[in-house]
Amino acid sequence: MADVLIVDCTTGEVTTRPQTAEEIAAQEAAAQTAQAQADAKAKAEADAQAAKSSAISKLAKLGLTDEEIAALVG
Amino acid sequence: MASATMTLISSQTLGGTTASVTFSSIPTSYNDLKLVMSSRNDGAGALANFGIIQFNADTGTSYSCTYVEGIGASATSTRTNTTSTIGGNHAFPFSVNGIDSAGNTASVFSSNEIYIPNYTSATQKPFISTDGTEQNATTSNALGVISGLWSGTSAINSIKIFASAGNFVQYSNFYLYGIKNS
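Here the protein sequences line up with chains A and B, keeping their order. Using the numbering used here, read the first sequence as starting at 5 and increasing by one per residue. Using the numbering used here, read the second sequence as starting at 982 and increasing by one per residue.
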């Protein structure tokens, strides 16, 4: 179990205590949400890359050169 | 002639794994605040989790920001509104590509600077944050720049620093400075 560190900037007092059960539960719930957000972001990036690859392929079939395609899509 | 000063209010070097660091009872005697951090997260993988901060223990819909993140040659810009969450938390992200973690090179720590001007203002408070992290020692590094707004109308008297998941590891450093312009 990780600790929580609290600094009183007026007095300089430093308090270190274990996380409460409520804090642990909140951290675990946040971790699940963070993972879901990371998964969604990774999927969006993969989808965007797949769409870009598909678009490049279609442009090539239309007869555009690699330089022309690069000028359009980078 | 008076000159500007930057005073170290507090510094903390972690002696062990720590879930969060909170600077509380921040004096109101400065004009601006500057938070400087060198942190590493114990999450699995590389750049596993965001670093995040909250002001005045405010867990409500008071945070919005725009951030640009770059990894290697790729860069993206993202806008979060007040209803957005960062790993389930209403908060500001820092290390927007993720804090260096277990999947990164050992002993590499992310670096961050957050500047908070006019933190005692009774109006909404903007801030700007920059960060640098290692993505992988053999490929690229990551960079983030954040422009944020906290809509709280009280002076900022506490700053909680934590991660979207996992904990900060030993030897992570946190420095809070107060800046006076005269």
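No lab work stands behind these hints: they were computed from the structure. Note that this is a predicted model, so its numbers are computed, not measured. Note that the Cβ used here is the ideal one computed from N, Cα and C, for glycine as well. Incorrect hints may have been included.
Output of the computed footprint for chain A on chain B, the stretches with three or more beta carbons under 8 Å from beta carbons of chain A [to be verified]:
hint	region
1	985-993
2	997-1010
3	1068-1082
4	1147-1157
Verification of the supplied hints:
With a cut-off of 8 Å between beta carbons, the region 985-993 of chain B has 3 residues touching chain A; three or more are needed, and the interface restraint holds. Against chain A, the region 997-1010 of chain B contributes 12 residues with a C-beta closer than 8 Å to a partner C-beta. That satisfies the three-residue criterion, and the hint holds. Counting residues of the region 1068-1082 of chain B whose CB lies closer than 8 Å to any CB of chain A gives 3, so the stated coverage by that chain holds, three being the minimum. Restraint check on the region 1147-1157 of chain B versus chain A: 3 residues with Cβ-Cβ distances below 8 Å, three needed, restraint holds.
Of the hints listed earlier, there is not a single one the structure fails to meet.
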